Amino acid sequence: MSTFSTSQFKNGLKILLDGDPYNIVDNEIVKPGKGQAFNRVKIKNLRTGRTIEKTFKSGEKVDGADVMEKEMQYLYTDGEFYHFMDPESFEQFEASETAVSDCVKWLKEEDICTVVLWNNAPLTVVPPNFVELVITETDPGLRGDTSGGGGKPATLETGAVVQVPLFVPEGETIKVDTRSGEYVGRVKK
Amino acid sequence: MTAPKWMPECPLSAIQKRAFLYQKIRQFFADKGVMEVETPVLSRHANTDRQIDVFCTQSINSIDDFAYLRTSPEFFHKRLLAAGSGDIFEIAKVFRLGEQSHLHNPEFSMLEWYRLDFKLGCLMKEMAALMQSLFVAFGLPELPVRHQTFTQLFEEYVAINPFKTTQKNLNDLSVEYGFHGADLSRDEALDFLFGVVIEPALPEDELLFVDRFPASQAALAQIDPDDANVCLRFELLWNGVELANGYQELTDATEQRTRFKADNEWRNSHGKRAKPIDENLLAALEAGLPQCSGVAVGLDRLLMHLMGAGGLSAILPFSADRA
Numbered sequence: 000m001s002t003f004s005t006s007q008f009k010n011g012l013k014i015l016l017d018g019d020p021y022n023i024v025d026n027e028i029v030k031p032g033k034g035q036a037f038n039r040v041k042i043k044n045l046r047t048g049r050t051i052e053k054t055f056k057s058g059e060k061v062d063g064a065d066v067m068e069k070e071m072q073y074l075y076t077d078g079e080f081y082h083f084m085d086p087e088s089f090e091q092f093e094a095s096e097t098a099v100s101d102c103v104k105w106l107k108e109e110d111i112c113t114v115v116l117w118n119n120a121p122l123t124v125v126p127p128n129f130v131e132l133v134i135t136e137t138d139p140g141l142r143g144d145t146s147g148g149g150g151k152p153a154t155l156e157t158g159a160v161v162q163v164p165l166f167v168p169e170g171e172t173i174k175v176d177t178r179s180g181e182y183v184g185r186v187k188k
Numbered sequence: 000m001t002a003p004k005w006m007p008e009c010p011l012s013a014i015q016k017r018a019f020l021y022q023k024i025r026q027f028f029a030d031k032g033v034m035e036v037e038t039p040v041l042s043r044h045a046n047t048d049r050q051i052d053v054f055c056t057q058s059i060n061s062i063d064d065f066a067y068l069r070t071s072p073e074f075f076h077k078r079l080l081a082a083g084s085g086d087i088f089e090i091a092k093v094f095r096l097g098e099q100s101h102l103h104n105p106e107f108s109m110l111e112w113y114r115l116d117f118k119l120g121c122l123m124k125e126m127a128a129l130m131q132s133l134f135v136a137f138g139l140p141e142l143p144v145r146h147q148t149f150t151q152l153f154e155e156y157v158a159i160n161p162f163k164t165t166q167k168n169l170n171d172l173s174v175e176y177g178f179h180g181a182d183l184s185r186d187e188a189l190d191f192l193f194g195v196v197i198e199p200a201l202p203e204d205e206l207l208f209v210d211r212f213p214a215s216q217a218a219l220a221q222i223d224p225d226d227a228n229v230c231l232r233f234e235l236l237w238n239g240v241e242l243a244n245g246y247q248e249l250t251d252a253t254e255q256r257t258r259f260k261a262d263n264e265w266r267n268s269h270g271k272r273a274k275p276i277d278e279n280l281l282a283a284l285e286a287g288l289p290q291c292s293g294v295a296v297g298l299d300r301l302l303m304h305l306m307g308a309g310g311l312s313a314i315l316p317f318s319a320d321r322a
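Note that the protein sequences, when read in sequence, are chains C and U.
Taking numbering that gives the first Met the number 0, the leading residue of the first sequence gets 0, the next gets one more, and so forth.
Taking numbering that gives the first Met the number 0, the leading residue of the second sequence gets 0, the next gets one more, and so forth.
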């Protein structure tokens, strides 16, 4: 297993603490003029998503967390787990509800997602930046309204609700930016 | 947007304000008859301080292993004082290895001054007067000055008496405040609580003088003759950041040698290289350092606060990354 000295701490470094993988999101050196130096870090627990603050004595060593990212295809959910497949090895992985909680509303079968693996198990799932989804429910479209002046809520096939322009009807396929949750445009089929 | 690498990182106004600051500091001391001095940056000896790492370079003279970039001009100042210089100050570039953050740069500017026959309380008064004169010069309101002892500070912010609490209590408290790792020594735990818990919680817009530090953190300060547990040392904090560190100076050569040796023994047992003890300083103490108090002020941090900036990059033209 890799180890890191506090002098190697930087944002994005993945470390292992009390059995959980963490991502360093902020690192600050605290040094009283005549005293011991410390590294005060904000770290995000990659399993639970919680961010906490910890302080290490400068010069200490910390275990790294063997975390890797892989592009995988989302297959289906069995109600309990979300199944992904590595398109190169065809190996399948089960992601828990916690791992997909941030993105479940964008998950469409066959889409390629970024899966963060820790100890070969999915830790978190990041959806594609743009997804194309069918509107399953929205108020009827208004002919003639082509500007983005107003908007209305539309429910998509995955359950996500986004604001769409008034002219967009039910049954349309639209493109959505998953990072902002915003409507991008209609998709011509 | 950050400027291209060749350009100064800070705005020109910060460079102008620094020039103005130095002019005001020089005027303050000129008015009081304190003489400006200049002392070597490169030294054949080094500070043994346990928690300060020194830049070292090729030797000046072949009988030495290395030469060192000074971490403070204090040893030279004491040699001048022992030689009869009278009150002195210096605006000095100093160097500390590995210290880099939004509040640290490996080389920085230090104002250091010494006043003969000043007790620590007199020096704190003069320090406050200098600060208030700078506030006026920079068009800022004067700030209230508050004094707290090291003990009062710990009692107020972490509800312990730092001298009486048990080691176990210190360790438990450190863990409670987010420390991760093997148990800290007593002084390390106090450093942790001071730097990580207390300093960020201090009120803004006041000058806080903290004194009566533990004797174990005396460095070059006298131990209080009336209480062997504490030393005659103060720190000045502004907006939760340490700006200055002052001592009623240790004048006893034997005691100073004992502390240097203890530092080096500690260094040896902690995997750090022992440092060559400055025999010239000890000889000066033996010849007779007059009773005096002295203080070192971090000028970059001072300028940063005078300009209301949140980090050194706002006031340094060429931080270590651009140097």
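Don't take each hint at face value.
Straight-line distance between alpha carbons at most 20 Å, and here's what the computed SDA-like set of lysine to any residue pairs gives [unchecked claim]:
no.	chain 1	residue 1	chain 2	residue 2
1	C	K9	U	D48
2	U	K4	U	G310
3	C	K53	U	H179
4	C	K9	U	H269
5	C	K107	U	K4
6	C	K41	U	I197
7	C	K43	U	L249
8	C	K56	U	W5
9	C	K56	U	K4
Some, not all, of what chain U presents toward chain C, calculated at C-beta under 8 Å [unchecked claim]:
no.	residue
10	F94
11	E98
12	S100
13	H103
14	F107
15	E175
16	D190
17	F191
18	P213
19	A214
20	Q216
21	N244
Here are some chain C residues the structure puts well away from chain U; computed CB gaps all over 10 Å [claimed, not checked]:
no.	residue
22	S6
23	L16
24	Q35
25	I51
26	T54
By construction, these hints were calculated from the structure, which means they are not laboratory data.
Fair warning: this is a prediction, and the values are worked out from it, not measured in the lab.
Glycine included, C-beta positions come from ideal geometry on N, C-alpha and C.
Outcome of the hint check:
1. K9(C) with D48(U): The hint is violated at about 28 Å.
2. K4(U) with G310(U): With Cα atoms ~18 Å apart, K4(U) and G310(U) stay inside 20 Å; holds.
3. K53(C) with H179(U): holds, 6 Å
4. K9(C) with H269(U): violated, 25 Å
5. K107(C) with K4(U): violated, 45 Å
6. K41(C) with I197(U): With Cα atoms ~18 Å apart, K41(C) and I197(U) stay inside 20 Å; holds.
7. K43(C) with L249(U): At roughly 47 Å apart (the allowed maximum being 20 Å), L249(U) and K43(C) break the hint.
8. K56(C) with W5(U): With a Cα-Cα distance of about 35 Å, the restraint between K56(C) and W5(U) is violated, given a limit of 20 Å.
9. K56(C) with K4(U): Not satisfied, since the Cα-Cα distance of roughly 32 Å exceeds 20 Å.
10. F94: Check failed: Cβ of F94(U) comes no nearer than 14 Å to chain C, outside 8 Å.
11. E98: holds, 6 Å
12. S100: holds, 4 Å
13. H103: holds, 6 Å
14. F107: Violated. Min distance 11 Å.
15. E175: Not OK, violated: E175(U) not within 8 Å of chain C, min 12 Å.
16. D190: holds, 4 Å
17. F191: Check passed: Cβ of F191(U) comes within 6 Å of chain C, closer than 8 Å.
18. P213: violated, 11 Å
19. A214: violated, 13 Å
20. Q216: holds, 6 Å
21. N244: holds, 5 Å
22. S6: violated, 7 Å
23. L16: violated, 7 Å
24. Q35: The claim is violated: Q35(C) sits with its nearest Cβ about 4 Å from chain U, within 10 Å.
25. I51: violated, 8 Å
26. T54: violated, 5 Å
Violation of the numbered hints given earlier is confined to hints 1, 4, 5, 7, 8, 9, 10, 14, 15, 18, 19, 22, 23, 24, 25 and 26; the remaining hints are satisfied by the structure.
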